[in-house]
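Could you build all of it, start to finish, from the sequences and the hints given here?
As they're listed, the protein sequences go chains G and U.
Mapped onto this note's numbering, the consecutive letters of the first sequence carry residue numbers 120 to 547.
Mapped onto this note's numbering, the consecutive letters of the second sequence carry residue numbers 516 to 689.
For the record, the hints were derived by calculation from the structure and aren't laboratory data.
Errors might be hidden in some of the hints.
Stated by the list, open to error - Restricting the straight-line Cα-Cα distance to at most 27 Å, the calculated cross-link-like pairs of lysine-lysine (BS3-like) are:
| id | chain 1 | residue 1 | chain 2 | residue 2 |
| --- | --- | --- | --- | --- |
| 1 | G | Lys139 | U | Lys626 |
| 2 | G | Lys139 | U | Lys540 |
| 3 | G | Lys168 | U | Lys677 |
| 4 | U | Lys540 | G | Lys188 |
| 5 | U | Lys651 | G | Lys139 |
| 6 | U | Lys540 | G | Lys273 |
| 7 | G | Lys273 | U | Lys628 |
| 8 | U | Lys517 | G | Lys166 |
| 9 | G | Lys188 | U | Lys551 |
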Amino acid sequence: MGKTIAEKIFDAHLVDTPEKGINVLRLDSVFCHEITTPVAINDLEKKGKDRVFDPDKIKVVIDHVTPAKDSKTALQGKILRDWAKRNKIKDFFDIGRNGVCHAIFPEQGFVRPGSTIIMGDSHTCTHGAFGAFAAGVGTTDLEVGILKGVCAFKYPETIKIQVDGDLREGVFAKDLILHIIGKIGVNGATDKVIEFTGSVISKMNMEERMTLCNMAIEAGGTSGICYPDDKTVDYLWKFIESEFASKEDALKEYSKWISDDDADYAEIIKIDASEVVPVATFGFKPDQVKPVSEFENVKVDQIYIGSCTNGRLSDLEVAAKVLEGKRISDDVRGIVSPATPEIFRQALEKGIIKIFMDAGFCVTNPTCGACLGMSNGVLADGEVCASTTNRNFNGRMGKGGMVHLMSPATAAQTAIKGYIDNSPLFKG
Amino acid sequence: MKNFNGKVLFLDRDDINTDEIIPAKYLTEISKEALKPYLLEDLKLEGFNLKDIEDASVVITRGNFGCGSSREHAPWAFEVNGINLVIAESFARIFRQNMFNCGMMAVSLEKDKMDMVFDEFSKEKDVYIETDFENKKFTIRAGSKKKDILFSISEFDSKLVKSGGWLDFADKNY
Ligand code: SF4
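So this is what it looks like as structure tokens:
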């Protein structure tokens with residue numbers, strides 16, 4: 120019997136099997152941010168275990184609330200900063216160089232095919248786009264990861280989602296993943312890995328693959344995962360150049376992780392890409408999805424373009440194309456948060472930032488910001504936000520607020536109209 | 516080992532997420548105790564009253580409990596309110612793992628057992644659960660009504676509960 124990519128990664132990282140079906144894995148990286156790590160740090164300190172298993176394998180960023188908005192968030196940043204210094208962690212991204220964790224860590228080349236990653240953040244599954252097993256964990260798992268470099272997981276079952284054909288014009292990776300979540304439900308992949316394959320995924324660039332894998336958790340998935348291929352190698356090349364004689368060699372090495380043809384799956388779901396249309400969510404769960412064309416006069420108060428789902432350069436480019444030469448409705452507030460300083464810089468150089476500003480958007484520094492309703496665009500009771508983020512839970516962006524998840528293109532068109540719309544972008 | 520006995524709070528809804536259990540705005544707290552007043556603050560559920568948390572020690576709920584964020588603040592918010600046991604039809608992976616990692620219990624029961632519990636007990640006024648950990652048995656009681664329910668958790672989860680959580684276990688073993 121062949122193996123899936125996740126099974127191969129598990130086998131290669133196995134440290135212990137405390138019980139049949141439960142594997143303790145060696146971790147290649149532990150990622151940290153200022154919301155979930157300080158409690159772990161304080162607890163380790165209190166227990167006299169203020170150590171790290173390997174300072175080079177721990178990557179740290181302040182991203183959720185930055186610059187600090189009050190004394191409490193300032194303290195969270197300080198605890199993280201002091202700890203990183205004490206423990207000689209050199210990859211630490213503080214203000215000026217910081218960005219949303221799941222955007223900046225791949226951009227820095229910290230993710231490799233076949234590797235294992237944990238982070239105290241549910242959207243850690245994003246990094247599976249590179250053919251890694253990457254999972255969000257809680258603070259205790261994070262503590263153990265920091266201290267021992269291991270984490271326990273159930274041996275993974277995999278759902279394979281095969282998307283073939285071509286996505287129609289005006290349909291994006293975000294529409295596809297919302298479509299998939301709408302199909303399998305918010306717990307359709309609980310305790311399972313979602314493997315994204317098929318010709319559509321092969322054609323996608325790394326940013327689009329990250330958008331897909333990012334939302335695996337919204338279907339309950341432990342990790343999303345794509346096969347490493349030439350696009351993966353191209354993206355990583357500047358970081359791995361010294362390790363391989365040629366790109367072909369790198370591809371050959373990374374290809375060993377690709378699932379075997381006779382691997383065993385919990386389920387295989389085939390999707391014809393031409394059936395997918397632009398969608399948005401309408402309720403408080405990410406699987407409550409319907410075509411944008413079915414939204415009738417749903418007015419919004421705020422547009423948010425950013426986050427680890429859709430705050431990358433290609434997302435800003437798509438939105439800017441829609442906004443170019445236009446103004447957003449007088450009735451909405453537009454906020455865009457480029458996900459990293461590098462994305463910001465490139466967007467500036469390409470004139471994208473100017474388009475956003477001319478259209479009436481507020482451009483913020485790179486941060487999670489409004490996505491989790493802690494800063495930079497919290498909603499008032501009863502307000503509605505059209506958002507490119509990944510979570511529409513009740514109160515997510517502010518108590519009593521309503522969030523509609525959608526692609527950056529739809530969000531930009533919605534900003535212009537003031538109500539949910541993408542009619543000029545998609546010829547149904 | 517923690518206490519898994521006491522009064523039951525029923526939350527009759529699927530997909531209760533971690534933002535409802537403890538809203539993101541309280542994630543700036545760096546002590547568990549500080550979370551105490553905010554447990555379930557944003558929960559939208561008919562008939563649910565924040566006051567009901569006060570004397571509760573066990574939560575019984577439906578499917579996909581604890582979906583959403585990885586925040587361990589969710590189990591902590593229960594823990595500091597004296598709730599160490601959640602029984603549900605199913606759990607989101609990270610929440611479930613976080614519970615056992617803290618030496619708490621997230622136990623899933625089959626749908627027919629859950630339906631029985633809700634049908635027969637959720638309308639009663641004072642419902643109590645006693646946990647026989649060794650024999651993996653809950654006894655649920657309301658007045659003179661009483662039912663025994665067998666449950667199962669993995670050997671590994673059992674060890675975590677007994678050793679008080681994953682940190683101590685891992686520190687000893689790896
Ligand atoms: S952008 Fe939003 S979903 Fe992504 S890591 Fe930040 S808070 Fe979480």
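Structure-based check of all given hints:
no., hint, in the structure
1, G/Lys139 x U/Lys626, "holds (25 Å)"
2, G/Lys139 x U/Lys540, "violated (39 Å)"
3, G/Lys168 x U/Lys677, "holds (21 Å)"
4, U/Lys540 x G/Lys188, "holds (12 Å)"
5, U/Lys651 x G/Lys139, "holds (20 Å)"
6, U/Lys540 x G/Lys273, "violated (31 Å)"
7, G/Lys273 x U/Lys628, "holds (25 Å)"
8, U/Lys517 x G/Lys166, "holds (19 Å)"
9, G/Lys188 x U/Lys551, "holds (23 Å)"
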